[in-house]
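Numbering (this note's numbering), first residue to last: 1 to 449.
Accuracy of the hints is not assured; some may be wrong.
FRET-style restraints, in silico, Cβ to Cβ [to be verified]:
#1 316 - 283: 26 to 36 Å
#2 395 - 293: 52 to 62 Å
#3 108 - 80: 31 to 41 Å
#4 318 - 359: 15 to 25 Å
#5 230 - 302: 40 to 50 Å
#6 309 - 388: 52 to 62 Å
Because the hints were derived from the structure by calculation, they are not lab data.
Ideal placement from N, C-alpha and C gives every residue a C-beta, glycine not left out.
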Amino acid sequence: MSRTPKPPVAATAAAPSAAVAAPPKPRRGAASGMPEPASGPWAAPALDQPCALLGGLSPATFMRRHWHRKPLLIRQALPPQAWAGLDREALLALAARPGLSARLVERQPAAPAARGRRAAAQGEGWSLRQGPFSRRQLPPATQPGWTLLVQGLDRHLDAARALLDPFAFLPAARLDDLMVSWASEGGGVGPHVDSYDVFLLQIGGARRWRIAPPGDEQLRPGLPLRILEHFSPTEDWLLEPGDMLYLPPGWGHDGVAEGGPCLTASIGFRAPAQAELADALLNRMLDTVDPDDPAEAERYRDPGQPATAQPGRIPEALQAHALALVRERLAAPGAVCLALGEWLSEPAPDAEFAPGDEDDEAALDAQMAQALRLGLRLARGSRMLYDADCIYLNGQGWRAAGRDALLMQALADRRGLEAAALRRISAAARALLRQWLLDGWIEPLWPAA
């Protein structure tokens, strides 16, 4: 196994039992040691068994009845220990860090003389500021009507990353992040619509949610937030710690802290727009072009071009040549799948890794030895996916086959691997894991303090 170079080079040879290699052109990625059966902290979810997380539904039933179809209110979906470590202090600390997405939303009731449609058009009553925020820049906790929202906590807190584990019955390729919001009494962001599936988990205080089915998405003009002009809720629920609400895309919802401040976790699952997906894939595929390749440097030729009385007209032969060239690249085996896997596995801009010192072989040896004793896990900010042919980690791809492929797929599914599985991997797979340790993309497990 070897890292995918940038730009890509030809695949390295691999023994049948250790088929992991850097992808050839078009870039494809590779992996082989049979993993242990799923058990312990990395057990696969039981898809056909009822679970409290989904209100007694099995994951299979939930996906069939509710996913992308209709909301579901779940009382006591998770116990308090599931979000231990996620509190207001942790949120304030992350909100002060540069590079993270933090927002402050304040709702201020308009003065009596300013109430009405004109006040709304002028944007009165709502304000939005972008972080980072020091504590002095935030309103007093006793001031009603404000909300602090911080994105991507799963990339910066182990407790937040662990809160995503119960949702492993959903494709990781669709997972966006975990956002946490703290709201003072009456705080919220107004009635709005999301373009993605979301689970809203109450982890502190109480929040009243009102929801409305898909319909009129006209927005109130002149506001810094995307607040619905017309919102006619059909359901009204008060959620307390442990309660959770699932909403498909397009459902209007308005959540307001009630009875004091509250803390809410939002687990979002992205759905890329067609334009975003096409742009990402085409740009990824263009990255595979090697200008030093003689075949790529070959120029268009038209020895049969006749004289023309319409010099401004694009020759049909040139159009046909361009179309054939694009079709050829799209038709290359696995080209689109490779571009998709690499794009979906790109780490978020605020993901943080702790790379090692490539000159300190002793430290790297010690990390590998520790992983072989207790196991390893993906770093919080790592994104790992796979398909039938490749594995993808943090925007890079490797061709995958054989027993090591099963090992790498298990690592992607469980975000961790037991020491027993690691001790049976091939030398090629171990070399790749060693490189990932150096990059800070994976980390060995250590004894509990």
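Hints, verified against the model:
A hinted range of 26 to 36 Å for the beta carbons of residue 316 and residue 283 is consistent with their spacing of about 28 Å. Separated by about 22 Å at the C-beta atoms, residue 395 and residue 293 break the suggested range of 52 to 62 Å. The hinted range of 31 to 41 Å is satisfied by residue 108 and residue 80, whose Cβ atoms lie roughly 33 Å apart. Against the hinted window of 15 to 25 Å, the Cβ-Cβ separation of residue 318 and residue 359 comes to about 53 Å, which falls outside the hint.
Between residue 230 and residue 302 the Cβ separation comes to about 59 Å, which falls outside the hinted range of 40 to 50 Å. Evaluation of the 52 to 62 Å hint for residue 309 and residue 388 yields a pass: the beta carbon distance comes to about 54 Å.
Violated hints, in rising order: 2, 4 and 5; the structure is consistent with all others.
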